[in-house]
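Q: Residue strings, one per chain:
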Amino acid sequence: SQKIEQNSEALNIQEGKTATLTCNYTNYSPAYLQWYRQDPGRGPVFLLLIRENEKEKRKERLKVTFDTTLKQSLFHITASQPADSATYLCALDLRYSSASKIIFGSGTRLSIRP
Amino acid sequence: GAVVSQHPSRVICKSGTSVKIECRSLDFQATTMFWYRQFPKQSLMLMATSNEGSKATYEQGVEKDKFLINHASLTLSTLTVTSAHPEDSSFYICSATAGGNTGELFFGEGSRLTVL
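First to last, the sequence lines map onto chains S and U.
For reference, each letter of the first sequence is one residue, going 996 to 1109 in this note's numbering.
For reference, each letter of the second sequence is one residue, going 59 to 174 in this note's numbering.
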C-alpha cells in the first residue's frame, strides 16, 4: 500500500534561518503532491501544490521540490518567523490512480524561536 | 479562496447517543467531499469519500453503519456518528475540492467530538 512519511516529528529553528521539511513516499509517484499548514485545533490550510513534471515551485518565502526518482519532496521556509510555527503536512494526491484519494503524512511540528 | 464551513465546532455527548456533523461549501459546488479523523498529534486519517447523490466510499476499517455519511446536495455533506462511544472521541474534519479532480483541498475548521 502507498505510504507517506515525514521524517521529523518536530523541528526547532532559530528565527531568520531556513526551515527544511522532508516528505518521502513509497510505491508509485502521485500526479500531484501538496503541502498544508495546520494550526492547533484548526483545519489544514493549503500552501503549495507541485506536479510530477515540476522540479520546483515557489511562493513568497516558500519553496517546494519534487524528486520522483528519490520519491521525495522538500519544503523550505526561508527567513523563518515565529508566526511560521505550526504543523506542516504533505499530502499525496492519488486521485488519478486506482487509490482515488488524497493521503496525508503525519506532519512535522515546526517551532521558530525568536 | 473557497470556504468550507463545518458545524458544530465542538460537541459533547453521552455514550450511546448519535451526533451529526455538517460540512458546507459556502461559495462553490463540491461534487466530492472527504471526511477525515485526527487523533492528537497524529495525521489526518481518511474515513470516507463522499460523492453527491451516491453512496460514500469508506476506507478499510471504517464502519459504514457507525459513521453514516450523506451527501444530498452539491454544498452539503453530513457525518453522523451513531451510538457514540468514548473511543469515538476525536477531531473530525471535512474537506472539499472546488471543481474537477485536481487541485487543493479546502478544509472545514473541524469538529471536536467528546463522548462521555
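Among the hints, a few may not be true.
[Unchecked claim] Cross-link-like lysine to aspartate or glutamate pairs, in silico, EDC-like; alpha carbons within 20 Å at most:
(1) U:Lys99 x S:Asp1034
(2) U:Lys99 x S:Asp1079
(3) U:Lys99 x S:Glu1004
(4) U:Lys122 x U:Glu80
(5) U:Lys122 x U:Glu145
(6) S:Lys1096 x U:Glu117
(7) S:Lys1012 x S:Asp1062
(8) S:Lys998 x U:Glu117
(9) S:Lys1096 x U:Glu121
(10) S:Lys1096 x U:Glu110
(11) S:Lys1066 x S:Glu1051
(12) U:Lys78 x U:Glu121
(13) U:Lys113 x U:Asp123
(14) U:Lys99 x S:Glu1000
(15) S:Lys1096 x S:Asp1079
(16) S:Lys1096 x S:Glu1000
[Stated by the list, open to error] Distance windows between CB atoms, simulated:
(17) U:Ser141 x S:Pro1109: 46 to 56 Å
(18) S:Arg1053 x U:Leu174: 44 to 54 Å
(19) S:Ser1106 x U:Asn128: 35 to 45 Å
(20) U:Cys71 x S:Ser996: 11 to 21 Å
(21) S:Gln997 x U:Glu121: 19 to 29 Å
(22) S:Thr1015 x U:Ala130: 38 to 48 Å
(23) U:Glu117 x S:Thr1063: 21 to 31 Å
(24) S:Arg1046 x U:Glu110: 45 to 55 Å
(25) U:Gly74 x S:Glu1055: 31 to 41 Å
(26) S:Thr1017 x U:Gly119: 42 to 52 Å
(27) U:Leu126 x S:Ser1093: 19 to 29 Å
(28) S:Pro1109 x U:Lys99: 32 to 42 Å
(29) S:Glu1055 x U:Lys124: 40 to 50 Å
(30) S:Ser1106 x U:Asp85: 33 to 43 Å
[What the hints assert, rightly or not] If you want the footprint, here are the derived chain U segments under chain S, 3+ residues with CB under 8 Å:
(31) 102–111
(32) 166–174
The set of hints was computed from the structure by calculation and includes no laboratory data.
Beta carbons are placed, not taken as given, at the ideal position from N, Cα and C, and that holds for glycine.
Q: If a hint holds in the structure, say so; if it does not, say that too.
A: Here is how each hint holds up against the structure:
Annotation: proposed proximity of Lys99 of chain U to Asp1034 of chain S holds, straight-line Cα distance about 11 Å (limit 20 Å). Restraint check for Lys99 of chain U and Asp1079 of chain S: satisfied, since their Cα atoms lie roughly 18 Å apart, inside the 20 Å limit. Between Lys99 of chain U and Glu1004 of chain S the CA atoms are separated by roughly 9 Å; this keeps the pair inside 20 Å, and the hint holds. As the CA atoms of Lys122 of chain U and Glu80 of chain U are separated by approximately 17 Å, the hinted pair is consistent with the 20 Å bound.
Between Lys122 of chain U and Glu145 of chain U the CA atoms are separated by roughly 16 Å; this keeps the pair inside 20 Å, and the hint holds. Pair hint Lys1096 of chain S plus Glu117 of chain U holds up; C-alpha atoms about 10 Å apart against a cutoff of 20 Å. At roughly 23 Å between alpha-carbon atoms, Lys1012 of chain S and Asp1062 of chain S are farther apart than 20 Å, so this suggested pair is violated. For the hint linking Lys998 of chain S to Glu117 of chain U, the alpha-carbon distance of about 15 Å falls within 20 Å, and the restraint holds.
Taking the CA atoms of Lys1096 of chain S and Glu121 of chain U, the gap is about 18 Å. The hint holds against a cut of 20 Å. For the suggested pair Lys1096 of chain S and Glu110 of chain U, the alpha carbons sit about 16 Å apart, so the restraint of at most 20 Å is met. A distance of roughly 14 Å separates the Cα atoms of Lys1066 of chain S and Glu1051 of chain S; the hinted pair therefore holds under the 20 Å criterion. A threshold of 20 Å between alpha carbons decides the hint, and for Lys78 of chain U with Glu121 of chain U the separation of about 16 Å falls inside it, so the pair holds.
For the proposed pair Lys113 of chain U and Asp123 of chain U, the alpha carbon gap of about 12 Å is at most 20 Å, so the pair holds. Our distance criterion of 20 Å between C-alpha atoms is met by Lys99 of chain U and Glu1000 of chain S, whose separation comes to about 15 Å. Of the pairs offered as hints, the one joining Lys1096 of chain S and Asp1079 of chain S is violated, with about 28 Å between alpha carbons and a cut-off of 20 Å exceeded. Between Lys1096 of chain S and Glu1000 of chain S, the direct Cα distance comes to roughly 17 Å. Compliance with the 20 Å bound is thereby established for this hinted pair.
A hinted range of 46 to 56 Å holds for the C-beta pair Ser141 of chain U and Pro1109 of chain S, which are about 48 Å apart. For the pair Arg1053 of chain S and Leu174 of chain U, the beta carbons lie near 48 Å from each other, so the given range of 44 to 54 Å is met. Evaluation of the 35 to 45 Å hint for Ser1106 of chain S and Asn128 of chain U yields a pass: the beta carbon distance comes to about 40 Å. Taking 11 to 21 Å as the suggested C-beta distance range, the pair Cys71 of chain U and Ser996 of chain S does not conform, at roughly 33 Å.
Restraint check, Gln997 of chain S to Glu121 of chain U: a C-beta distance of roughly 23 Å satisfies the suggested window 19 to 29 Å. Range check, Thr1015 of chain S to Ala130 of chain U: about 44 Å between beta-carbon atoms, so the 38 to 48 Å window is met. Taking the beta carbon of each, Glu117 of chain U and Thr1063 of chain S are about 26 Å apart, inside 21 to 31 Å as hinted. At about 27 Å, the beta-carbon gap between Arg1046 of chain S and Glu110 of chain U misses the expected band of 45 to 55 Å.
Remark: the range hint 31 to 41 Å for Gly74 of chain U to Glu1055 of chain S is contradicted by a beta-carbon distance near 50 Å. Restraint check, Thr1017 of chain S to Gly119 of chain U: a C-beta distance of roughly 28 Å breaks the suggested window 42 to 52 Å. Distance hint check for Leu126 of chain U and Ser1093 of chain S: the Cβ-Cβ separation is about 26 Å, which falls inside the suggested range of 19 to 29 Å. In this structure the hint that Pro1109 of chain S and Lys99 of chain U lie 32 to 42 Å apart at CB is violated, the actual value being about 24 Å.
The hint said 40 to 50 Å for the Cβ distance between Glu1055 of chain S and Lys124 of chain U, and at roughly 43 Å that hint holds. Look at Ser1106 of chain S against Asp85 of chain U: about 34 Å separates their beta carbons, and that is inside 33 to 43 Å. With a cut-off of 8 Å between beta carbons, the segment 102–111 of chain U has 3 residues touching chain S; three or more are needed, and the interface restraint holds. Beta-carbon proximity to chain S at under 8 Å applies to 4 residues in the segment 166–174 of chain U; the threshold of 3 is reached and the given coverage holds.
Hints 7, 15, 20, 24, 25, 26 and 28 from the earlier list are contradicted by this structure; the remaining hints agree with it.
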